[in-house]
Amino acid sequence: MFTAQQRILVTGASSGIGRAIALECLRQGATVLACGRNVRRLDEARAQACCPDRWINVPRDLLEDMEGLPRWIRGLCQEYGPLWGLAHSAGEGIMDSLRTYELSMARRHFDLAFHASILLAQGFCDRRNSCKGGALLFLTSASAVYPEKGHLIYGAAKAALAAAAKAISQEVAPRGVRVHCLAPGIVDTPLEEAAEAFMGPSYREEQLRDYPLGFGQAEDVAHMAAFLLSEKARWITGQNYIMAGGRY
Numbered sequence: 028m029f030t031a032q033q034r035i036l037v038t039g040a041s042s043g044i045g046r047a048i049a050l051e052c053l054r055q056g057a058t059v060l061a062c063g064r065n066v067r068r069l070d071e072a073r074a075q076a077c078c079p080d081r082w083i084n085v086p087r088d089l090l091e092d093m094e095g096l097p098r099w100i101r102g103l104c105q106e107y108g109p110l111w112g113l114a115h116s117a118g119e120g121i122m123d124s125l126r127t128y129e130l131s132m133a134r135r136h137f138d139l140a141f142h143a144s145i146l147l148a149q150g151f152c153d154r155r156n157s158c159k160g161g162a163l164l165f166l167t168s169a170s171a172v173y174p175e176k177g178h179l180i181y182g183a184a185k186a187a188l189a190a191a192a193k194a195i196s197q198e199v200a201p202r203g204v205r206v207h208c209l210a211p212g213i214v215d216t217p218l219e220e221a222a223e224a225f226m227g228p229s230y231r232e233e234q235l236r237d238y239p240l241g242f243g244q245a246e247d248v249a250h251m252a253a254f255l256l257s258e259k260a261r262w263i264t265g266q267n268y269i270m271a272g273g274r275y
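The numbering used here numbers the first residue of the sequence shown as 28 and each following residue consecutively.
It should be emphasised that the hints constitute simulated quantities derived from the structure, not laboratory data. Certain hints may be false.
Label pairs and their in silico Cβ distance ranges [said to hold, decoys possible]:
#, residue 1, residue 2, range
1, Arg87, Met132, 32 to 42 Å
2, Ala221, Pro201, 24 to 34 Å
3, Ala133, Phe254, 18 to 28 Å
4, Val66, Ala224, 24 to 34 Å
5, Trp262, Asn84, 26 to 36 Å
6, Lys176, Ala31, 16 to 26 Å
Taking lysine-lysine pairs in the DSSO-like style, the calculated list, with each CA pair at most 27 Å apart, reads [said to hold, decoys possible]:
#, residue 1, residue 2
7, Lys193, Lys259
8, Lys259, Lys176
9, Lys193, Lys159
10, Lys176, Lys159
Treat the numbers as computed from the prediction; the structure is a model and nothing was measured. Positions of the beta carbon are idealized from the N, C-alpha and C atoms, including for glycine.
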């Protein structure tokens, strides 16, 4: 599906969906620039890779010097070559409500889920940094389309990102750059484990009843992500795909 000359930057590559996307793109032939905050976990993911020589660790905390993210991407491209794709999966799970709303928490979450995403997109979409025909992929959430209790800030931030992605897709389409969003429902990852710990012992069984195909696995999302990043999806852009095991 990919060649080694097709370099894909994957954020959140140290665990969960981001790790699965990085490993799948690598398995499909791409060179992966794996971004995460925890170098040890990046090394652990690299150890799982089929071709570790095509896995390059590029550790970074996306909340530090956010305004420098476009320059950071420019530096990566100067060192390794232009990017074919960017899969932005880095994020933090958050369960909240109107009663527990705190402005500082909301600002931090919007910084990571929205502002960092747009700054990464700005860097990727620089003509010097990305290849014609390549793709930008954001991980949004089913909560962005079907908001529900407990996802006030999370759902709002992801909805903002999905709207922005649509606008970006129209802006960069004349250059042959595609923009996609994947909006998963509940996927068994460390973020879901944290949500279950927060919501209590009955949460998992209550939610499972609404998923005819059960909860997803990170690999389920990774397969779709790799397809959208590839040339096989060359006539697709500007969509927000819900993956939720038949819930919606």
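Status of the hints after comparison with the structure:
1. Arg87 <-> Met132: 32 to 42 Å: violated (22 Å)
2. Ala221 <-> Pro201: 24 to 34 Å: violated (41 Å)
3. Ala133 <-> Phe254: 18 to 28 Å: violated (34 Å)
4. Val66 <-> Ala224: 24 to 34 Å: holds (26 Å)
5. Trp262 <-> Asn84: 26 to 36 Å: Given a distance of about 34 Å, which is inside 26 to 36 Å, the answer is holds.
6. Lys176 <-> Ala31: 16 to 26 Å: violated (46 Å)
7. Lys193 <-> Lys259: holds (20 Å)
8. Lys259 <-> Lys176: With a Cα-Cα distance of about 37 Å, the restraint between Lys259 and Lys176 is violated, given a limit of 27 Å.
9. Lys193 <-> Lys159: Within the cut-off at roughly 18 Å; holds.
10. Lys176 <-> Lys159: Measuring from Cα to Cα gives roughly 41 Å; hence the hint is violated.
The structure is inconsistent with the numbered hints 1, 2, 3, 6, 8, 10, although it conforms to all the rest.
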